[in-house]
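Student: Start from the sequences and build out the full structure, keeping to the hints where you can.
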Amino acid sequence: MSDKIKIAVVGLGKMGLSHFSMVNAHPKADTIACDGAGFMVDVLSKNIATPIYKNFDDLLAKEDLDAVVIATPSRLHAPMVGAALAKDISVFCEKPFCLDWADSQRLTDLATSKGLVAQVGYHYRYVGAFAEMKRLIDAAAIGRITHIMAEAYGPVVLRPKRTTWRTDKAEGGGCLYDYAAHPLNLLNWFFGIPDQVMGSHLGQIFSEGTDDEVFSTLRWDNGPTAQLSVNWSDESYRKMSTKISLIGTNGRLYADRQECQAYLRKPVDGLDGHDAGWTVKYTTELTDECWFYLRGEEYSAQLHDFIEAVAAGKNGAVQNDFASATQTDRTMAMIIENAETGQTVGEARATAPTSAAKKRGWFGR
Amino acid sequence: MDKLLFGDNQFFGINHMSEEKARAQAMRFQRTDAIMDVIDVAYDAGINTFMCTTHERIAAIAKRIKADPVRYGDFQFYPCMPYAHKYANAVTEHGMIGALKEFMPKDGLLATALTGTKALATKEVDGIAKVLIDMEMKMFAGTKTPVVFVQNVFTDLLLGMGFTRALRIFDDHIREKHGAEPAYITMNMPALLTALEKEGIERPIICSNINKIGFRMSGGYDAYLDALKSGRVRAVAMSVYASGAIPADEAIHWISELPGVESIVFGASSAGNIRGTKALVDKYMGEAA
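From first to last, the protein sequence lines are chains A and B.
Going letter by letter, the first sequence gives residues 652 to 1016 in our numbering.
Going letter by letter, the second sequence gives residues 38 to 326 in our numbering.
Read the hints as simulated data drawn from the structure, not as lab findings.
Since this is a predicted model, take the numbers as computed values, not measurements.
Mixed in with the good hints there might be a few duds.
Quick list of in silico lysine to any residue cross-link-like pairs, SDA-like style, CA-CA up to 20 Å [claimed, not checked]:
hint, chain 1, residue 1, chain 2, residue 2
1, B, K58, A, K657
2, A, K657, A, R908
3, A, K665, B, A166
4, A, K965, A, A737
5, A, K705, B, K235
6, B, K58, A, A737
7, A, K697, B, K235
8, A, K932, B, A166
9, B, K167, B, A97
10, A, K785, A, K665
Tutor: Following this line, the structure appears as structure tokens:
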């Protein structure tokens, strides 16, 4: 028996092409591509050896697939993932997972009941600096975390009049789904789903059909409060930049694509190499080499984990399983509801005991 | 090729260690004068080759070089195309076809072919590729460009897809139309070498990470050394310091003893680092660097 898996990459847009290139280069992948008719299918089918299907149903009917990578516009994720799971095919789906989180939950349950590998492409969890941040949070490095700033900026929509699906909210486009999903997914990884969402703003700058900037305040009961600030119309950034800052009772953590900076007020037991004061770890030193490098180790590593898990017959994803991506879909749904209604979404926090305003003398602090 | 080539990452806010440093560099180098000052330091230190992305801002540099042929008599460019973010952002904004049209001459036959509904013929696809290459080369007209590279994201995207025929089109076109040596930047040197040989491209010039600690040498350190020893590749080494992980003297000394490495490309913004690297290359790789 061959130890290769038969895998199809569906959707050859910006993410799909890059996924296809990496999957096709993987030694354990026997790869097929699929996209609707168009320029890219045209060019590729004349120039590469890989078979390319023009119809997803044909692909599922004719090929005995072990796995699919779904990299189509977000609106198509739910029906395509559903069709693949129904045929017992493991799925790697590009983010965001589903536009309606009820679909996300249903597909999570279906994948779990079938014991399939089901993963979503939140690649930031594969960035060394953010993995280091997660490790430090879990080790309680900065004590009780109260204060979070989660940000993402980049140059996607810089002028009016655009025509692709990424700018159409109904298709799953927009700054919330495309950009904010990443820092939110990291917050879900660190702290779970927020209990309340308030103060959300989905603003338009240049787009007509969807949001270009996002603000929100997220609260976790007995946990931190986060400010989310995201803008994809910021030309001062060369490419997307995601950053998380955390302040806790024992210090501060900051991470972006390149580095994780930790400031500890006091050393923490069991955390070697972190003295009081600053410790900086770079993604370059935190990252393993990959089998094929296209645009960052994180993109290669997530596909490697997926392919290896399917090849090994595992019954779940190593990282970014459907359940974790469903948390992010739910969080985004809370932000949309809050922005639309102006009402806080989620149970209000039990109010803290109100101390009567104490009258103080001039020096009575 | 010269033994030492000057790179351009530092000028465009690219830093593999820190976003903060990258931004500080972008601020420092937002004026062409600031870039020219550093290029002048390198040129006066005897580094004649500037290996640079076809970033819009390079056009201004090329203009300066052309304007003073006495001062820059030995100056040459090794263009690296395309500038990937320009295309990636355009694809996000205009879609695949829209992005292509953005970069094509508006009145050409091929632009017209793209607006049509019928499938493009292979000949037309090749034609589009050649026009795009010519557009990228435009800013260098009147300068010396003896070697022209394909950027790594593009090389590796094509390599992964198995669309290496596109690299063959590039190879032929750069030789025939531009009278230059085609070359390739990659993060996957051993795999690329094999693929290029299958396209009939012998002893290609390939630029890839080559450093003592195996940093970002995808395909494995041993496979890189085997390829170098085989004599099948003319290598240009980048990331020789592995983003600062290897001391300069040790890094250059190690590279100098490898077979098959013809050049080193490095980026630096301070005169000290530029002259320091030049001195090390002279010391270990010969005065003729």
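Student: Does the structure keep K665/A and A166/B at a Cα separation of 20 Å or less?
Tutor: holds (18 Å)
Student: Has the given pair, K965/A with A737/A, been kept, meaning a C-alpha gap of at most 20 Å?
Tutor: holds (18 Å)
Student: Between K167/B and A97/B, is the straight-line Cα distance small enough, at 20 Å or below?
Tutor: violated (24 Å)
Student: Take a quick look at whether K785/A and K665/A sit within 20 Å of each other, Cα to Cα.
Tutor: Answer violated: K785/A to K665/A is near 29 Å, above 20 Å.
Student: Tell me if the straight-line CA distance from K705/A to K235/B falls inside 20 Å.
Tutor: Violated, at roughly 28 Å.
Student: Take a quick look at whether K932/A and A166/B sit within 20 Å of each other, Cα to Cα.
Tutor: Not satisfied, since the Cα-Cα distance of roughly 42 Å exceeds 20 Å.
Student: For K58/B and A737/A, compute the direct alpha-carbon distance and say whether it is at most 20 Å.
Tutor: At roughly 49 Å apart (the allowed maximum being 20 Å), A737/A and K58/B break the hint.
Student: Would the pair K657/A and R908/A pass a check requiring their Cα atoms to be no farther apart than 20 Å?
Tutor: violated (32 Å)
Student: Quickly compare the C-alpha distance for K697/A and K235/B to 20 Å and report which way the hint goes.
Tutor: holds (17 Å)
Student: So if I understand the rule, the pair passes when the alpha-carbon distance is 20 Å or less; does K58/B with K657/A pass?
Tutor: It is violated: about 43 Å lies between the C-alpha atoms, which goes past 20 Å.
In summary, the structure is inconsistent with hints 1, 2, 5, 6, 8, 9, 10 from the numbered list given earlier, while agreeing with the others.
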